Every structure is written in structure tokens, then in C-alpha cells.
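> Residues per chain are reported as follows:
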Amino acid sequence: MNIHLNPEEIADATLGLLEPERASHLQECDECRTRTDGYRAPLEQWRDAARVAAVQTDSFWARQRAVISVRLHERSFDRGIRFVWAGAVAALVLAAALSWSPGPTSPATPQSSEVQDEQLLENMQAALERESPLALQPAEVLTQEMSRARNVSHRSRQGAR
Amino acid sequence: MRRKPSLATASTGLNVGTATLAIGISEDDFGEIVQLNQRRIYRLLLSMTRNPDTAETLTQECFLRAFEKRKSFRAEANVSTWLYRIAVNLARDHARNRRQGFWKKLFQSTPAETEEGEQTPEVEQLSDTRPSAETIVLAREAAGKVWEALDTLPEQQRAVFILRFIEELSIEEVAAATNLGASTVKTHLRRGLQKIRKQLELEGVK
Chain A
76 MNIHLNPEEI ADATLGLLEP ERASHLQECD ECRTRTDGYR APLEQWRDAA
126 RVAAVQTDSF WARQRAVISV RLHERSFDRG IRFVWAGAVA ALVLAAALSW
176 SPGPTSPATP QSSEVQDEQL LENMQAALER ESPLALQPAE VLTQEMSRAR
226 NVSHRSRQGA R
Chain B
35 MRRKPSLATA STGLNVGTAT LAIGISEDDF GEIVQLNQRR IYRLLLSMTR
85 NPDTAETLTQ ECFLRAFEKR KSFRAEANVS TWLYRIAVNL ARDHARNRRQ
135 GFWKKLFQST PAETEEGEQT PEVEQLSDTR PSAETIVLAR EAAGKVWEAL
185 DTLPEQQRAV FILRFIEELS IEEVAAATNL GASTVKTHLR RGLQKIRKQL
235 ELEGVK
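As you go down the protein sequences, you meet chains A and B in turn. In terms of my numbering, the first sequence opens at residue 76 and continues consecutively. In terms of my numbering, the second sequence opens at residue 35 and continues consecutively.
Among these hints, one or two may not hold up.
[Stated by the list, open to error] What follows is a list of derived Cβ distance ranges for each label pair:
1) B/T221 - A/R140: 37 to 43 Å
2) B/E175 - A/E94: 30 to 36 Å
3) A/V145 - B/D127: 18 to 24 Å
4) A/E94 - B/D127: 18 to 24 Å
5) A/C104 - B/N123: 41 to 47 Å
6) A/T132 - B/N213: 29 to 35 Å
7) B/R108 - A/P82: 20 to 26 Å
8) A/C104 - B/R99: 46 to 52 Å
9) A/S151 - B/E235: 28 to 34 Å
10) A/V145 - B/Q134: 25 to 31 Å
These aren't lab readings, by the way, just hints derived from the structure by calculation. All values derive from a computational prediction rather than experimental measurement. Built from N, CA and C at the ideal position, the CB exists for glycine as well.
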């Protein structure tokens, strides 16, 4: 196709978006190439300027790598410190939880007092049923032993007669 | 099977068609990745921020972020495209923060904010490579006008333009680096070029 490129196509040619069939015209047509070059020239100068501005010495890049490396280690260290702190806090919480002993709980209290009361009642009942008080039990045992021994000797005397 | 990511340059292109897998990057590979990509990431960030100190800081930040996310690196793009994406996001965040005034306290004024008539660093360095005084003046003028025109573009359009022209990425690579569709990238490029042409014509740059 020998029709010259329109402004949109020249813009596309500058951007590298031109259709292949129109690109072939551009290669053959000096007029269209000149117009496209006019579009491209300031952009190429701008690109070159930007690229030259970014050129740095090898020491600049080496220093940058060193800074990146240091900052990476710093971040790892900070993360490590945070991990240690988190671990320490967790350990403290765990220790506090383990050392904390709950006081007598309300459901347990009536149960134990009931048992105690029942035991006390049983003891009182037993004490009442006993003829002598608990404190005099040894004397009572001794008296019983003495009377038993007396009965035995009395029976043996009667047997001898 | 896990595939080792390509550590090569952006010219290797996207690994289109491969499964999207989180293949990760080992710590040993990371030093090599920094060495291979630091120049292009710095160049991109310098073009986007136009401040050498900011570009240097953001380049470091880009690799720190990449290191943190290295285990989630996916095989759908090569490493340099993945780094470009991180850098574009950083530059966008930086611009947003600067607009909010936060970064003004941290960084000095950008070359765009220097007094009228002062040379921007890139133009100064450009002049070193040009032998003819007339060429220097013309190139400086043209580059400066493109920078000015570029400043008027929206953030995303500017990123697309820089990735396409300065980094010379393919449309698919620009799309991957900016997280846009290929057709959106083309639209951004066409609109961007239109605005820049208009600005250049107004300024009398042919």
C-alpha cells in the first residue's frame, strides 16, 4: 500500500505499534520515514539523557550492594529480636499461667464441708453412744482389763474349791 | 517440577504460557539478582523520581522488598519484570507520599523544582557525551521539553512511557510490570505520546 502514513500511524510507528503492512511502507517511503524520525528524535534524545544520567561508577554499585546487604541483615536481626521478645513474652505468660493457683472454688467448698459435717456428726453419734468420753477410753480399757482379770481369778478359785 | 527463575535481563522476555507457580528465589541467588538488576532498577527509579538520592534509596528498598517476597515469586514473569513491578509501585507510593508532604522533610528538592535556568543532572551529564555545542543545546532543549511534558502525564501513563522508551520493554513486559492489560498499555502510550507531541509543538521543538 503506497498511501502515506497518517498522524496516528506515525505515532504508532514511533511507539513500535505499527501494523506490519504499514511498516513495510515506512521502509520504502522516505517522506514517511522523515516524518517519523521527527517524532522519534526528541524521544531518543530524552531516552539518551535519562540513560546517561543513570550511569554510575562501579564503586557506586558496589556500595549500593553493600548497603542492601547490611540492611537485609539489619532487618533479619530486627526480626530475630522481635522473635526473641515474642518468645520471652510467651514464656512469661506460660509461667504466670502455670504458677497461678486458683483459690477454693465455690462448688468444691460445700462438697468438702458436707463430708466434714457428716464425719463430725458420725463422730458425735459415736461419742454419744459410747458410755465413757473419748478422753477416758484408756482408763476404761484398763478398768475392763482389770475386771476381766478379776473375773478369771474368781472363776479359777471357785473351780479349785 | 520447580523451575529455576531466569536471572537474566529483561530482554529475555516473559515466560508466557508457563503455569503460575510460586517457585521462590533462594538466598544464594539473591546477590546475583541484585548485581544483574540494580542498574536498570536505579535507572527506572531515577527517571520516575528525577532525584538521584531518592532513586538510590528506593532502589535499595526495591531489593529489600523483593528479598522479603522472594518466596512468593511466581514463574509467570522473569525476575527483572517482577523487580520492575516492585519499583513502579515504590515510585508511585513515593509520589503519593511526596504529594502529601511527607517526603519533603526527607529529601531535597527534585531537579524539576530547581531554579529556572539551572541544569538538571541528566542534562549536565548528557552534555559530557556530546561533542558539538549546537548538538548539546538542541539535545538539552529537546530532552528537557520531553521531561516537562512527561511531568504533565498521569503517574501510570508516565510509568508506561518510561518503561517502553527508556527501558525498552515489550508491550507484554510493560503490561506485566504495571499490572495492566496490553491494550491498556497501548492506549496509555498513544495518549502519552499525543500529549508530549502537543507540548513539544507548543514549545516549538520539532
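> Compare the structure with each hint and give your call.
These are the hints, each one checked on the structure:
no. : hint                        : in the structure
1   : B/T221 - A/R140: 37 to 43 Å : 38 Å, holds
2   : B/E175 - A/E94: 30 to 36 Å  : 33 Å, holds
3   : A/V145 - B/D127: 18 to 24 Å : 23 Å, holds
4   : A/E94 - B/D127: 18 to 24 Å  : 38 Å, violated
5   : A/C104 - B/N123: 41 to 47 Å : 42 Å, holds
6   : A/T132 - B/N213: 29 to 35 Å : 34 Å, holds
7   : B/R108 - A/P82: 20 to 26 Å  : 40 Å, violated
8   : A/C104 - B/R99: 46 to 52 Å  : 48 Å, holds
9   : A/S151 - B/E235: 28 to 34 Å : 54 Å, violated
10  : A/V145 - B/Q134: 25 to 31 Å : 29 Å, holds
Hints 4, 7 and 9 from the earlier list are contradicted by this structure; the remaining hints agree with it.
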